[in-house]
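Visitor: Build the complex from these two chains, which are given one at a time in their own frames, with help from the hints.
Given next are the chains, with one letter for each unit.
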Amino acid sequence: MKIPAIPEVSPADSGDLPEVIPVDGRACKGQVAGKRPWTIRFLSGVVGWLWRWLAGTVLCFNFIFVSYLTSILVVGWLYRWMQGRVLYGWWKRSTVADRLSFEEFCTGLDMPVTSRPRWCLRDGPAKSPASSLSTKPTARRLALWLNLRIGFQGLLCTYALTGWGCLVMLFSWEFGWLNSFNKGYEQAPVGPLTGLAGIFLFITAMFYVPMAQVHQAVTGDARAFFDFRFVWRLIQARPLAYTGLAAVTTLASLPLTVLKTAPVAFDDHFDLWSQASDAEVLRYLRYYFLGCAAFLFLTLLVVRLVASRLYQRAVLRVLARGWVAEADLHPTLNQMLKRLELRPALPEVAPRFAWGAGALGGWMIGAADQVVFLIALAAALVAGPVGFLLVLAVWGAPWLFLWLVGLFRHQDKLIGEFNLRRLAFALLFWIWFAFVAQVYVSEFLNHHPVVGFLNHMLVQFPCFDFVPLGTLTPP
Amino acid sequence: MQDNNSWHLPALDRRQFMHRVAAGVGALSAGLLVSGQNAAQQRHVTAAGSNPEDADAIARLPYKGPNVILVRFGGGVRRQETIDWPEKTHCPFIYHELVEKQGILFKDLDIASTPGIDTSHGQGTLYLLTGRFDHYEDISHKPFADRFEAKVPTIFEYFRKRYDIPEHQALIINGEDRINEEFYTFSNHHLYGVRYRSTVLSLYRFKSYLLREELKSPALADRERAEKTKQLEDMVNKDYRVEDRRVASPELDRFWAEWRDYYGESGLVNPRGDRVLTALAVRALKQLRPRLLMINYQDPDYVHWGNPHFYTRAISIIDEGVREIYQAVQGDPEYRNNTVFLIVPDCGRNNNRCMSVAYQHHFNSKSAHQIFAVAAGPGIAHPRVAVDRQHQQIAVAAAVGKIMQFPTEHVDSAAGCLAEMFA
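Here the protein sequences come in this chain order: X and H. The numbers in our numbering rise by one with no breaks, and the one at position 98 of the first sequence is 98. The numbers in our numbering rise by one with no breaks, and the one at position 3 of the second sequence is 478.
There may be inaccurate statements among the hints.
As the list claims (entries may be wrong) - The list that follows gives simulated cross-link-like pairs (lysine-lysine, DSS-like), each with its CA atoms no further than 30 Å apart:
#1 X:Lys183 - H:Lys713
#2 H:Lys563 - X:Lys183
#3 H:Lys705 - X:Lys183
#4 X:Lys183 - H:Lys626
#5 X:Lys183 - H:Lys761
#6 H:Lys703 - H:Lys713
#7 H:Lys703 - X:Lys183
#8 H:Lys682 - X:Lys183
Derived by calculation from the structure, the hints in this document are not laboratory data.
Looking at chain H on its own, in the form it has when it is part of the complex (with noise of 0.2 Å):
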């Protein structure tokens, strides 16, 4: 466990304070005696009932707005094959369907080129997430790790902080074999953080979940038992920050209950890559009725080893999940017109000639810096032309906060909110 954890070092912080003070009159009150638990813990595992987000609901609004699916088209993708050309897009229904026929495209999103501004795939999900570019360092410092932590808040901190939502209505979808990318859920910024997080979908968390299940069994034999407990506990401390480590709701159960009944426990009968990001976020359309929804695509990055058609056959499987997803939302009607779609890449790739498979983005290349956004739903804009202005990809954030309704006080304020698709 770390010290360092900057949201909870202002011990006077107001809210923490309260909490504090809440759960410990509810324990005097009730007669009973914390003890036996570390000091950490009373901090952060509040008695029976009284979750800190409880009291803060009280002050938060109920939410009545537009739902937002945000698509993240990682892991990088260039315009070339998504928009340059409607012939040659392997994205049909995003360009066809979403742009042409009732959305809004902007051709020229950009990442900010300026030292210590990167363009990969934690990276740009963090760009999109906060509003900001910053320089991300791994905070794990082991190779290849790229642990990031968000400084400022993200948008489903913002979302949180101002609605009565409950965090699994503020779901992420991440893939399987990005383990980093399970712990952008919230900031380090002492005004948000934990208490505001969105919850992760993944494979990553049904593991964990068929693990606390197993656990559960009394037929467990002492020495399995130990191995799986260790097991778990390494999966949940990943995420170091989150002391009480609640990583499960009842909502969450209730889902991953629903999925290992239908697919079981193999992994082996689940849709697989990116598919299963679609299956994921379907289902939880239907159970857990998210109203921020962010979907991390990854798989046409695997063109880094070679083989284009990893690439552009990636392009088409998310196109289809797009496709899939928006069949869902117009199929169920409190999320017909109701929903808004926003689909960004988290970085472009390299339009390098000299090369026989150019496809990288790790480079600061030109092209890797240049992507696009598109945005389709109720209450957007249908110009029927692109957007040829040039904005950055930060706008993103603020662009959600804008239709959403909450306020992006930590966003770069300069790079707008692309302002074309509320015309």
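Bound-form chain X, shown alone (with noise of 0.2 Å):
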């Protein structure tokens, strides 16, 4: 009886395997969730934008005073649009993103997270059974207070460091005008010093506040602001970035401040406005500054989604180069980033940075370079662009040796860092004094009392309410 020959069989082969789609309805980077048809997804999208933007708005200016309880809510959406626009970075990077939705992920969080936050009702759908990376149920809290509670830490922590500056600012312009009024002269210098200090005072803490807000939004966790070495090392990991970041705000400032101060062009000069009565210029400049609150939300959606985006890249940075420690980490971030993959192994003590932007040494240097522009703007009024140049020439040369230097001794890039970060923080100064100046040439013009200098709406109260109290209100 003979045998059959057994027939050579060829290893198969895994890739030829068909992709099984799940069947728990989760969706893989690259596809949807719902089978909806794009155009009610579409439709969907915008309807949703139009009612935030609207209901942000409406947040932003309603009623005298109440406005400003209003806009609290506000910076608590903003703060939780930019936690969801983080993670969302992170999770489109990560390799998790393969395996989980977006909204599975931050189901499986301790904190409640969402991309898409709402003014009022709960976030989201209920927590999907599938979620099982969960390690304790999220609690699922009513989003008006979620707001509410993280816009009212966002405010008193961006308070907490820029409120000094502002509230010399408002001393220096009260009191010396009031002492100019009267002809003080032997405390003349009072006014001008103070409102510099002021000033210096409120770039000071800018140096450090917006990426410590985006810090604060996505840790979720008001202390979290004041985590000064973390926040000052994802500031010098994107040092370019991060003055970019601050020339978009101080930019996105200049309509609004125009738009703040043009009521100086309305009334008495307009046939419309001159002859309209008490309760139709009241009316009327409701619906201005409705529609001013209106573009402001959108400028806030920008800065703050440029902000968000610095963020997410600049923590990826830092722990990539190990500039912080294991404790430095937040824990909520420790969490987040672990979840996703993306956090490497970071050494038990972080490394000194003996001469970057947050030590001492950098403050000095920044400091003198900013004595010397100042020198050198003094020396260009007296001595024109030759003296100008000059002084930053002999400012300059020194740095310049040190760096050729540098070259022979393969520190050229050690060197051209710093310099790098000298240079933006340099910029990073006056970016934010033309944010500041712009302030003081709008009060000038159209004065605002109190809120002119206490309140900077795309940093602080997000709100555009500037009816003069006591001519059109009772007062």
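Guide: Okay, here's the thing in structure tokens:
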């Protein structure tokens, strides 16, 4: 009996196996969870954002004083939105995105996170039973409460640093002009000097605050705002981008400042306003400020989006370079990044930045840079452009020499990075100076008692309420 | 030194020619050779005792008419806080005493709403002084310098050309921090100009007096002397149109010497703000005996920087100042019943209900064009009811001319002369 030959079988190619669509409805990267047609999704997205915009606008301006309270909700909403944007960015970079949809990933976290926060009701759909990665159930609170709590915390922390400069600026304005009016020559320098001190304090705070605001938003922890070492390292990781954020904020505040000042040319100039009764003027003005608030909310979205993108990349760079220690990383951040498998091993002790922007040496050199720049400006006034260039050349020559020496000692990258940071922070100073200068020019043209200096709407209360008290409303 | 001074460009101007001939003859007859001076100085710094005005003085008439005190209710006030409601006025003396008891109120004085006519302090002062609305551009081309030059004669020039009035009796009293207003003393008009200029009293002039006095001291170290000389030159050269830089006269020097003896040199003892203008005016009435006096009050303008009470308080301080000057006039036999008060704002201020501090004036708003005038004194009508008819601000110059009886041929005659006050 002849045994038939066993045919040779080639090993099966696993690549030929058909891709299996998950049966539990989870979507992977590039896939859409629901199978709704794109037109419906597009329309629902448009309607959803229109609603958010409308609500944000009304919360930025509604009734006198109330606007300031409701704008706290806007701060909270924006913080939660930033948190969602940052996490979404990380999720997209992560391999976890191949296994979990963003919503599933978020439901697995210890805190409520959503890419599309709501104003009042609970965020998103109920927790999916499939999200098995969750360690403990996330409490789903009313969005209204979350917005209020996070907004209040955000403003409290922001004012803790920026408020001092604002207060000193307000004092200098009030006292300075009072003294000037009464010709108190003996105290003449007090007004301008405190004004400069206030500006300097505010700028110093603004070196730190924009990044700290996003850090607080992402961690959802008010104390994280004061993680000075971590936030400084984030800023140092992307100095030019951070300067860009300041530039975007300052540029974005320009049209807002113009809109805020523009009522100077309404009443008493055009018949529509001049011939209107007080009630009509009030109504027109309210329409105007509502329009401004709509623009403010859009501007805030852009500025916060840029800030969250910057933060998202800065964190990854800091971790990749090992600039922070294990202990420096906020627990929430730690958990998020671990789940996303984006957290590399970190050193036990953070490396020291002897001459970095956050270190004392960096501050001293930065201050010296500014002083030299001011001297150069003074020289330009006295001796023209030659004087300006001469001062800068004298100051720059040793640094150039150091850089050249560094080239031969294979330290060119280090010195180059150091000088890049110096340049970025010098720019940062003047960009924030331009931001404050706008406020001064605006207040000269159209003074807004107290709030003019105490509130910068892109940084603090996002409130566009400048209805004058007394003239149109009962005092 | 600039050469674009239109007033001395016409080299064959009759008076200049006469002055030069007189100066040359005087110098030659005395056997003196004027040498070592540049040509410009030779044109303007004449030989001893030959002040260019002296030749003209022969042809000029002695003045025997009433004195005029023109109060610029500056820097910009609205009707609402001054004349609209008697019970709400912040200038009670002007309203209740000057208007209600003896004078006349022009409720509707207007600054022309035509392109190029700005509602601001320098411009408003020049409208009052020249009797014409004109577009003024800063000739120094420096930010916020507001250095303007009148193209047609000022009332002081008309006055001094017509009458034999010494410089120090045609006075402008200025505030301390508006240097640009120091030089509205004469126009660029070729028939008038510097030789009929008025004199300015201000702390700026006091400071230059102090420097000149310090430079007289032989004990001054060379370096310090050089510094002070430069400082003085800088101050004096601000009025570059006056080539002889003759900013002082014996009368003025005496005036400032007494001021210094009384208040010292520190500037910390004398009255401040608009009060110093009142103090200067009262002293000037006693010492310099001005016939035409203009007082440029300015402090209501502080309201630009917020605090509405700066504005209302400053109005009250001006009102108090007018009361003091009025009392000084009444206490002086030569001035009593022989002095007319004219009170006019340089411009109005906004009435913008959309602003928390609605008192700007730079944006040509309607309310910034709407001002008023008050006149009181001998020969001035007292109709007991305010004049409702609209007049132009520039009519004030012609009114001063009519009161003091000098021709004002370059004012805008269409604006009239506030005729109701002479009824």
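Visitor: Broken hints, numbered, in rising order?
Guide: Structure breaks hint 4 only.
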